[in-house]
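Protein chains in written order, with my numbering: chain H, 790 to 1084; chain Y, 561 to 821.
Take these hints with a grain of salt, some might be off.
[As the list claims (entries may be wrong)] Ranges between beta-carbon positions, derived for each pair: (1) LYS901(H) - LEU755(Y): 45 to 53 Å; (2) ASN830(H) - ARG676(Y): 33 to 41 Å; (3) ILE675(Y) - ASN830(H): 30 to 38 Å; (4) ALA800(H) - ASP819(Y): 18 to 26 Å; (5) LYS807(H) - ILE675(Y): 27 to 35 Å; (6) ARG849(H) - ARG795(Y): 48 to 56 Å; (7) ALA986(H) - ASP819(Y): 28 to 36 Å; (8) LYS901(H) - PRO594(Y): 53 to 61 Å.
[As the list claims (entries may be wrong)] Only some residues are given here: those of chain Y computed to face chain H with a beta carbon under 8 Å: (9) THR562; (10) GLU665; (11) PRO673; (12) ARG817.
None of these hints come from the bench; they were simulated from the model.
Quick reminder that beta carbons are idealized off the backbone N, C-alpha and C, glycines included.
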Amino acid sequence: MEKELAIETRALTKFYGKSLGIRDLDLSVEKGDFFGFIGPNGAGKSTTIRTLLGLIRKTRGEAKVLGYDIVDDKEEILKRTGYLPSEIWFYHDMKVKDALKYSADLRKTDCKERASELCKRLDLDPNRKVEDLSLGNRKKVGIICAVQHHPELLILDEPTSGLDPLMQKEFFSILKEENRRGATIFFSSHILSEVQAYCKSAAFIKEGKILLSDKVGELGQTGARKVTILGDVPKERFSDLPGVTFTESERDEGISFLYKGDIKLLLSILSKEEIRDLTITEPSLEEIFMHYYES
Amino acid sequence: MTIFKQEIRSQKKTVLIWSLSIGLLIGLCVLMFPEMESQMGDVNAIFSKMGSFTQAFGMDKLNFGTLIGFYGVEAGNMLGLGGAFFAAIIAVSSLMKEERDHTAEFLFTHPVPRIRVITEKLLSVFSNILIMNAIVLILSILSILLIGESIFWKELLLIHFAYLLMQLEIAGICFGVSAFLTHGGIGVGIGIAGLMYFLNIVANITEKAKPLKYISAFSYTETSDIIRSGDLAVRYLVPGLIFMVIGIVLSYAKYTRKDLR
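Modelling step: build the complete structure from the supplied sequences, incorporating the hints.
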């Protein structure tokens, strides 16, 4: 039986005037998933999120969030969604508790208890003025606004920037609790270690297009292998070999690259070289990321 | 009305400062009237010899020797220009500030239709203008009572009503402009209010420029005309209200479709 989708886009495209934001984006996120949306700056992560939430209008294509059309049923989507922007700002004259209450009032809900509990967990003083808060503390207010009403879907745009490691841990523990409760978590990031550590699925986006989308475990199964060679081997020996992508700068004593080609061909070249050691392993998510973005 | 309440709350200092500044300045002028009354014969004579300048500010039709004439010119300057700037500034900031202050991402990702946001913001702008005018009117009445003069109710209320309508017109236009801006709109708002003011002055100076009266929101606030006719100039008021409605309609048309930063 097909799983229900929390986010589904078909050929979703957004142009800003003549410049491209996202192009023919096909993305599927299952309900209950913990989904990482990976891409470098300017790849289209925020544009995708902002289009899904109705902050900007799509140029063409279709998209549904929690089964609702992003144009016709925007309020239904927003009712069931919590959102944390990459840089969150509040109204200058508000205290933390005012901002949290304003958010709850706009949703016509009473989240007082939950907000107070989350303030304690995130070590946030509800009586401080938001304009006096650091970026990290402002982000905490944003996190509480996003989760205090127990949304069905949480969309977070680079959520951990500005948070110290302890807070990042607490933040992800809140997200995991929400996920266990049944909420779908969709967050954009370029920190691959956190995607690898917490996400069940992930997608790579580059220049406004999805390159790859799969379970995190499967993303490593690209057929590519990470080859690390120690010894006096010139890089040029492999540059013409089909399927080679150099992922890191040349080492002092050898080279490293991703290889997605005929293994016999690689071994025949290696057998003629002065190598001291050789390892062939599964590439990490970071190396796959580099493979996609540098190629 | 959550957004309405927030807007009123966040603007309360601004409204209070503008209200007290305009109201106290008018009050101060009224308090000075008894002392100046005896010299007003000379002032009238001086003003009557100032040619087009006299016409420009409608001083050829008002008698400075009476409180009503004195009030007409003073209130005209202070409540006219001050009120227009106040209305322009709060209206032109209303929608634009969400993007300027980066709060649009917060507000518009809550389940509130944009139409409701626009409506509540517009209502808050109009309410703030009403509050400001009410405070100014109360301070004016108090100052007149303080100098022991009787209140010329009909003219006073008509003058203040005309200024209220003028501010609502400017606010409606600036609110429409606000929907198109993402930052720096205050200069635009003051520019619109100032332009309207000078268009009316130009129209007062020369007959050829009279059609400008149909454009300027100040044309139906001429206190000299209001005092003499005991009525508002409907022929100027109607186009003004049409401009206001156009501004408001434009704000809905633009802002409901706008890509928010």
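Evaluated hints:
{"no.": "1", "hint": "LYS901(H) - LEU755(Y): 45 to 53 Å", "in the structure": "49 Å, holds"}
{"no.": "2", "hint": "ASN830(H) - ARG676(Y): 33 to 41 Å", "in the structure": "34 Å, holds"}
{"no.": "3", "hint": "ILE675(Y) - ASN830(H): 30 to 38 Å", "in the structure": "34 Å, holds"}
{"no.": "4", "hint": "ALA800(H) - ASP819(Y): 18 to 26 Å", "in the structure": "19 Å, holds"}
{"no.": "5", "hint": "LYS807(H) - ILE675(Y): 27 to 35 Å", "in the structure": "30 Å, holds"}
{"no.": "6", "hint": "ARG849(H) - ARG795(Y): 48 to 56 Å", "in the structure": "49 Å, holds"}
{"no.": "7", "hint": "ALA986(H) - ASP819(Y): 28 to 36 Å", "in the structure": "34 Å, holds"}
{"no.": "8", "hint": "LYS901(H) - PRO594(Y): 53 to 61 Å", "in the structure": "58 Å, holds"}
{"no.": "9", "hint": "THR562", "in the structure": "5 Å, holds"}
{"no.": "10", "hint": "GLU665", "in the structure": "4 Å, holds"}
{"no.": "11", "hint": "PRO673", "in the structure": "6 Å, holds"}
{"no.": "12", "hint": "ARG817", "in the structure": "7 Å, holds"}
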